[in-house]
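Hints are included, so try docking the two chains, each in its own frame, into the full complex.
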Amino acid sequence: MPTRRDFVTRCLGAVWLAAPRQPAPPHPTPRPGVTGARVLTRAQLGETPALAPLFDQVRAVPQVVDGIRCNCGCAELPGYYSLLSCFEGDAMVRHCAVCQGQARLAVRLHREGKTLDQIRDAVDARFG
Amino acid sequence: MPMRHLALAAAAAACCVPATAARAQIRASERAAVSQTVDGTTFTVDYARPRVRGRDPLFGSRAVHWGETWTPGANWATTLELSRAATVGGRKVAKGKYSVWMVPRASGNWTLVLDPKPDIFHMSPPDSSAAQVRLAVRAEPAPFTEVLTFEFPEVTTGGTTLAFRWARTRVAVPLQVEPSLAVELPEAEAAPYVGRWTYVKRDTPDEKPVTIEFRTLYEGGTLKAEWLPADPYMQRFALVRVRPDLFFPGLYDKDGKIYEVMRPDMAFTFTRVGGRPDSLEVRYSDDFLAGTARRKP
Chain A
115 MPTRRDFVTR CLGAVWLAAP RQPAPPHPTP RPGVTGARVL TRAQLGETPA LAPLFDQVRA
175 VPQVVDGIRC NCGCAELPGY YSLLSCFEGD AMVRHCAVCQ GQARLAVRLH REGKTLDQIR
235 DAVDARFG
Chain B
15 MPMRHLALAA AAAACCVPAT AARAQIRASE RAAVSQTVDG TTFTVDYARP RVRGRDPLFG
75 SRAVHWGETW TPGANWATTL ELSRAATVGG RKVAKGKYSV WMVPRASGNW TLVLDPKPDI
135 FHMSPPDSSA AQVRLAVRAE PAPFTEVLTF EFPEVTTGGT TLAFRWARTR VAVPLQVEPS
195 LAVELPEAEA APYVGRWTYV KRDTPDEKPV TIEFRTLYEG GTLKAEWLPA DPYMQRFALV
255 RVRPDLFFPG LYDKDGKIYE VMRPDMAFTF TRVGGRPDSL EVRYSDDFLA GTARRKP
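Residue numbers (the numbering used here), protein chains in the order written: chain A, 115 to 242; chain B, 15 to 311.
Since the hints were derived computationally from the structure, they do not count as laboratory data. Since the structure is predicted, the reported quantities are computational estimates derived from the model, not experimental observations. Wrong hints could be hidden among the right ones.
Stated by the list, open to error - A few chain B positions that, by computed beta-carbon distances, are all more than 10 Å from chain A:
#, residue
1, 60
2, 65
3, 71
4, 75
5, 82
6, 104
7, 213
8, 226
9, 278
10, 281
11, 290
12, 293
Stated by the list, open to error - Which chain B residues face chain A? A few, computed with CB under 8 Å, are given here:
#, residue
13, 52
14, 299
15, 300
Each residue gets a CB set at the ideal place from its N, CA and C atoms; glycine is no exception.
Chain B on its own, in the form it takes in the complex (with noise of 0.2 Å):
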């Protein structure tokens, strides 16, 4: 093979060789990432996990100065990206990517920095400034960990606890997002949906129908809804409007919080005669009619 050919032909081979294996190097402190998701709203952290290697205590020593602003990782600092506005520990954070930084202290609360700027190699720690986001928290002693983590122990439909663990020390802070959906109803706005009526339920084409007792009432400011007897799996709901007359159940844990909303499950769309509404439609997610109930009179 001429020479021109054999070059041409190991850089095509270099250029194939996957980008992994291109970069494949044994590191102290190996990137990963981690991400949650919430109603929408989605926070990913992607950092490097450095290990305490003997380095214990490692706050308070060479590793980790008191005082000093640093990067909970190694090397390039730690990222948080929020797909949509959020609140972190109370503050509410635009839509973006930022740059995560501590400030331990020997005592009393640490801070937790987000710079707007993500890019920032570990060395280069970014100077206080108003587009940042500060935050006090709580550092709290914990059972030792020895790779730097990230994770989200907690997650509700309304938020997240996002939470850093090293060495003999973590850090929680609590995020909430904008909720997508609106559960509760004014009661003017609820009262026309309010009765009873009678239920004819069909869960599959091949079954036959069956009549049962619908009621639908206002409690604690939300609109909510029962089959009589009670479906075993949904018990008493909550009528989640989306639109004017569609609604999607809303279905509530022991203690009484809202755990899931069955959108697009199961659609409940009334129809209105006289400016009433008069008549139900219920719809599970392949559109197949599983239910139609007419008011009482």
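The shape of chain A in the complex, shown without the other chains (with noise of 0.2 Å):
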């Protein structure tokens, strides 16, 4: 049975490997006014609801998500601004570790009182 360890490398694998690693662009201005309207609901996720605390964490503060860069090579996709963009339409976060946890950090920091630069820099630390 596959480890927790290879899943996150499989998927990371598929993802993060096939983009190769350039100088990243700076992260994206929050839209003003932006909403979590279009982040996918529990009914929406289908084979991950597993994953629904997580979109409903990001659904809370679409300002701060607005905010950040993802690092896993989606940024690349048409359509996409910013980690915001991988919790709508097609939410490619349902199969990217690397979405997730920066999704997770960047909540984890927020419930700290960190501010949005003080959340990307701890993403680019991370995932950067």
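Take a look at the structure:
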């Protein structure tokens, strides 16, 4: 039976390794009035209901998550704006440990009272 | 359909033909590209691939004269692009795209030339200039290769080898990248982290936590760590510092060389009490808390 580490490594292999690591572009500016209305709901999560709490947490802080660049390579996808985009539409975060990790870290640090710049710095240190 | 509409439709159709189809042509030297990324630096060779077509021996013949400046390719000069500054054959080369030239010789070293102007037709080799990178390279006998080939046969954590093969000759040049992380840590900076820790491990949310020992030590200029009993996959590993108190494991191969830094797979974050690292969190890339540790008294 594959271990958790195997699983995480495979997810990374599919996304992270596919993207050559170039100098990261700057973090996006949160869009004025952005909401979490397009973040998928539990009912829309299909085969990944275990991620519902994370989606709920992100939906509650769109102004934070919208100010973070995703480092897994999905920033190159059409229609992408910020880490918030990973929770909308096709919600590729469902299959990407890096997207999930960045969002959990952002939510956790936001709850600890960190500013957006501090959260961005922590995300870059871990995932940049 | 009126003639004007027919003409517009024909023009639109021409625009819609895929570029590859529009340029389809049988060529003696088909274009190719190979690239290799090492620690975030990407090397890309773009070149045309002539065939020997019976012209053996090739070098020192009418095909490639001894002593002439020649692009190892055909038509438009072969190019080498570096996404970041790197070392080519021991010489520092700035980020950019260069045309590649060689001066083959009947005996002694050949000269490899990187010219800062990339778009040059093979009939107009550049004059020698101070802006060029010129290296002595060794041409060695090799098994016969019909089609001129560039490849990256070796890759390490710190570099790769760019090799050229054609006919019975091979030229290989080492490429070294700027490391993105420093594995070594001054002893004074590593010392506060060294010690024995009580580690509570939990690989999955459903797993019952297990308490084992974790050990951090300074060895060979590097802060290292291991679980006791040792993790069979990670064994004793380097703790590679990215930020103050934030480390990622660097895994060693059997020769004692680091072959992978597990970033962002596994982050080790120390928390200080009274200025001294006192506790530790280990998180996977999905931020799952896989372990916590406290320094043993």
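Test the statement that residue 104 of chain B is away from the interface with chain A: the closest C-beta pair must be farther apart than 10 Å. The claim holds: residue 104 of chain B sits with its nearest Cβ about 25 Å from chain A, beyond 10 Å.
Against chain A, does residue 71 of chain B keep a CB gap of more than 10 Å to every residue? The assertion about residue 71 of chain B holds, with a minimum of 39 Å to chain A.
Please check whether residue 52 of chain B passes as an interface residue: C-beta within 8 Å of a C-beta belonging to chain A. The hint is violated - residue 52 of chain B has no Cβ within 8 Å of chain A, the shortest such distance being about 10 Å.
Minimum Cβ distance from residue 299 of chain B to chain A below 8 Å? holds, 5 Å
Confirm or reject: residue 281 of chain B is not an interface residue toward chain A, with every Cβ-Cβ distance exceeding 10 Å. Given that some Cβ of chain A is not farther than 10 Å from that of residue 281 of chain B, nearest at about 5 Å, it is violated.
Separation of residue 82 of chain B from chain A, once the least beta-carbon distance is taken, above 10 Å: Its Cβ never comes within 10 Å of chain A, the nearest being 36 Å, so this holds.
No chain A beta carbon within 10 Å of residue 213 of chain B's: holds, 16 Å
Beyond 10 Å on every Cβ pair: is that true for residue 290 of chain B relative to chain A? holds, 21 Å
Check on residue 278 of chain B being off the interface with chain A, judged by Cβ distance over 10 Å: The claim is violated: residue 278 of chain B sits with its nearest Cβ about 5 Å from chain A, within 10 Å.
Over 10 Å to the closest beta carbon of chain A is the bar; see if residue 75 of chain B clears it. holds, 40 Å
With a cut-off of 8 Å on the beta carbons, see whether residue 300 of chain B makes it to chain A. At about 4 Å, which falls below the 8 Å cut-off, the nearest Cβ of chain A leaves the hint on residue 300 of chain B intact, so it holds.
Evaluate the condition: distance from the CB of residue 65 of chain B to the nearest CB of chain A exceeds 10 Å. Holds, since 31 Å exceeds 10 Å.
Going down the numbered hints, you'll see the structure goes against 9, 10 and 13, while the others check out.
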